[in-house]
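Engineer: Going line by line, the protein sequences match chains A, B and C.
Mapping of the first sequence onto the numbering used here: position 217 corresponds to residue 217, and the numbering continues sequentially without gaps.
Mapping of the second sequence onto the numbering used here: position 22 corresponds to residue 290, and the numbering continues sequentially without gaps.
Mapping of the third sequence onto the numbering used here: position 161 corresponds to residue 684, and the numbering continues sequentially without gaps.
Treat the hints with care, since some could be wrong.
To be verified - Some, not all, of what chain B presents toward chain A, calculated at C-beta under 8 Å:
(1) Glu362
(2) Val473
(3) Ser478
(4) Ala480
(5) Met484
In case anyone wonders, no lab produced these hints; they're calculated from the structure.
Since the structure is predicted, the reported quantities are computational estimates derived from the model, not experimental observations.
The beta-carbon is built from N, C-alpha and C at its ideal position, and this holds for glycine as well.
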Amino acid sequence: MTALGAAAPRRMPGGRALLGLSGLTGLLVLVELLPRAGIVSDRYLPPTSRILAALADEAATGAFWVAVGDTLTAWAIGLAIAVVAGVAVGVLIGAVPVLRAVTASTVEFLRPIPSVALIPLAVLLYGSDLGSTLLLVVYAAFWQVLVQVLYGVADVDPVADETARSFRFSALARIRHVLWPTALPYVFTGIRLAASVALVLAVTAELVIGAPGLGSVIAVAQTSNAIPTMYALIVVTGLLGVTINLAARYAERHVLAWHQSVRGEAPT
Amino acid sequence: MIKRLLLVLGLPVVLFLTWYAASANSENFYAPPLRQILAAFADTWTPDRLRADVLPSLARLGAGYLLAALIGIAAGVAIGAGPRLRAAAEPVLEFFRAVPPPVLVPVIMLFAGIGNGMKVIVIVSGCVWPILLNTVEGVRAVDGVLSDTSRAYGITGAARLRHLLLPAASPQIIAGLRQALSIAIILMVISEMFAASNGLGFAIVQFQRSFAIPEMWSGIILLGLLGFVLSELFRLAERSALAWYHGVRDAQRRS
Amino acid sequence: MLEVHGLRKVYRSGSREVEALRDLTFTVAAGELVCLVGPSGCGKTTLLRCIAGLLDPTGGTVTVGDKSGLAIVFQEYGRSLFPWMTVRDNVDLPLRQKKVPKARRRELVAEALTAVGLDGTESAYPWQLSGGMQQRVAIARAVAYEPSILLMDEPFAAVDAQTRADLEDLVRSLWQRLGMTILFVTHDIDEAVYLGQRVLMLSASPTVVQDELTVDLPAERDQLHTRADPRFAVLRTRVYAQIQAAKARTGTASGAAGELSSVDR
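Please work from the sequences and hints to get the whole structure.
Structural biologist: In structure tokens, the structure reads:
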């Protein structure tokens with residue numbers, strides 16, 4: 001039983017979507033009116049219409065799409081590397097309890113190191129190539145995945161694990177039948193978090209280092225004072241981020257739904 | 269006790285020694301011997317230098333983080349408490365959260381110039397979203413029975429906020445504060461790399477530009493240490509603030 | 524002390540309407556212990572919430588005698604206590620809201636905790652206690668509040684049988700000692716007859732008061748002897764028959780319950 005007020009939106013999903021839409025529309029209208037009414041200088045905040053026009057102009061150029069492609073390429077490659085490495089290391093550490101205890105302090109120390117600390121290093125090693133971006137993306141995304149996999153490993157039902165051992169399951173079999181099913185939802189959470197962190201770092205690397213992609217186009221727009229274009233590109237990065245988030249949640253829900261039903265009862 | 273110490277320090281010490289040994293005869297310009305880096309560390313980060321560079325960085329970080337927390341929690345409670353407002357605001361907030369925070373630096377530089385204000389605003393603009401969204405979620409998910417009990421006993425208004433909403437949402441809020449801390453550190457460094465005259469990020473970039481590689485590495489290590497220390501402090505604070513929450517979870521897990 | 528007159532509650536969800544309560548009229552005099560029983564889904568909880576002011580009725584009136592306030596004890600004891608507060612603070616909080624002076628608050632809290640047998644647990648947290656003890660804390664909180672009427676919504680449904688027996692006796696002893704007015708909702712027919720001075724039987728949804736019965740058992744009751752009393756069996760059978768009739772009358776009692784529970788959520 002929940003307080004009645006909370007029940008209402010859930011009963012009309014259409015109503016929620018409508019409210020959400022009205023919120024977005026409100027924002028667009030606000031950004032249109034504020035500079036036009038002179039409350040904010042239109043040099044700092046161009047009205048929505050001008051931003052959208054700049055967006056249309058950009059979308060008409062090939063260079064824009066190349067930049068989007070560059071950003072997404074760096075994102076995808078970096079994410080893939082980070083996920084594979086994160087899952088591999090996480091499962092390895094998880095399967096051997098001694099490793100878990102020994103590596104705990106190291107993980108806790110390396111994890112909070114801000115990836116931007118590596119920017120100067122990246123510049124020296126790779127200049128403004130894809131390599132720089134990948135260095136940052138992989139570093140940041142790897143920890144997201146690893147931490148989640150370790151949570152998943154910690155969540156394994158000890159009774160299930162002991163049962164498997166008593167049946168003399170090999171380490172590989174234990175991983176496959178006990179560890180992996182429990183860790184899988186966490187892996188997906190890790191991928192989702194890593195996906196958005198990867199985008200942030202990719203764009204950051206491009207912005208600060210000048211590697212190819214949306215970030216560097218934004219930097220150029222700023223230095224050449226093309227303000228509406230700059231805003232338009234920022235909106236694009238936001239849309240990319242939202243799309244990635246939604247796609248990740250969608251994939252998570254559907255793959256795990258299949259997974260749960262195949263497994264039958266969840267151990268938790 | 270010894271065993272615990274070994275577990276905690278074992279691997280880090282091994283890695284450190286390996287790095288030291290492996291790089292001892294390094295000729296690589298970009299990867300100098302660890303010995304050199306440590307020497308540079310001691311030479312560079314004198315108390316004066318720390319005061320001149322690290323303190324301003326920390327001050328800006330602190331100001332931005334605190335401001336983001338205040339705004340995020342206040343707005344989060346207001347939005348979270350009203351289902352219609354929440355439904356309307358959610359897509360807008362999710363959009364703003366999805367914009368990579370460093371990308372806003374050029375925009376904010378337009379408004380706020382290149383001084384300390386700009387850096388604090390940059391930090392706030394990036395940090396506030398996880399705090400806000402987590403607060404909204406935490407307030408929304410307050411237990412219905414607890415909420416009804418409060419209402420039945422006449423606990424409304426400010427008392428409801430203080431005794432029900434904030435404590436009930438605190439696990440979520442603190443999770444948001446955790447995410448915001450990482451973002452804050454990143455933005456602190458980035459904003460200094462863009463436009464600054466002091467600060468840790470500024471110093472590291474200066475070293476890199478003048479090819480003072482061991483010094484650059486020492487700065488990176490210092491930044492890493494900073495991140496680690498702040499993270500540990502946060503963990504300690506969280507453990508005491510959420511002692512009740514961990515207790516509840518343990519009790520549930522045991523039953 | 525409590526007058527319910529023509530109470531009506533209709534839930535609207537989109538275009539559908541569910542009439543949970545049709546026409547409820549009854550009174551509870553000061554110092555009475557009245558039990559409400561009914562088939563599943565008959566809106567007992569809805570009724571209690573309307574009385575407590577947590578839901579607005581669609582029609583009819585609820586009048587509570589004096590203004591000392593209402594206290595309510597829910598079934599889900601784990602979720603009705605504040606987990607971030609100690610037992611003492613949990614019992615204390617409603618009194619602070621009521622602006623009771625500090626010294627008096629301290630007295631009330633101590634008395635209430637002693638009355639429910641929880642001396643010495645003041646500094647514990649609710650989740651450190653067993654289920655039965657947590658429900659005692661909720662009862663202590665209600666008692667300390669000195670309400671004009673105490674509402675109890677199936678408070679012992681989620682507790683094991685032995686603890687339930689202890690808590691039932693606790694409620695009766697508190698009632699006798701403190702002279703409280705209690706409206707006790709339950710689905711357990713035996714419990715209703717054991718505890719109450721009167722038992723009100725509700726029909727299935729849309730709910731009305733179907734029947735009323737005065738429990739003419741002695742005032743001194745205990746689990747062993749009272750339940751073995753032949754008069755107990757007679758009363759119990761009558762209540763049971765009424766409930767069965769109520770379920771049969773609507774036929775789709777479970778259907779209505781399904782609607783109601785999805786609406787309650």
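Engineer: Compare the structure with each hint and give your call.
Structural biologist: Verification of the supplied hints:
The interface hint given for Glu362 of chain B is met, as the beta carbon of that residue sits about 6 Å from the closest beta carbon of chain A, less than 8 Å. A least Cβ separation of about 6 Å between Val473 of chain B and chain A falls short of the 8 Å threshold, and the interface hint therefore holds. This hint is violated: Ser478 of chain B has a C-beta 11 Å from the nearest C-beta of chain A, more than the 8 Å allowed. Nearest Cβ of chain A to the Cβ of Ala480 of chain B: about 10 Å, over the 8 Å cut. The hint is violated.
Given the 8 Å rule on beta carbons, the hint for Met484 of chain B holds: about 5 Å separates it from the nearest Cβ of chain A.
In this structure, the hints that do not hold are numbers 3, 4, in rising order.
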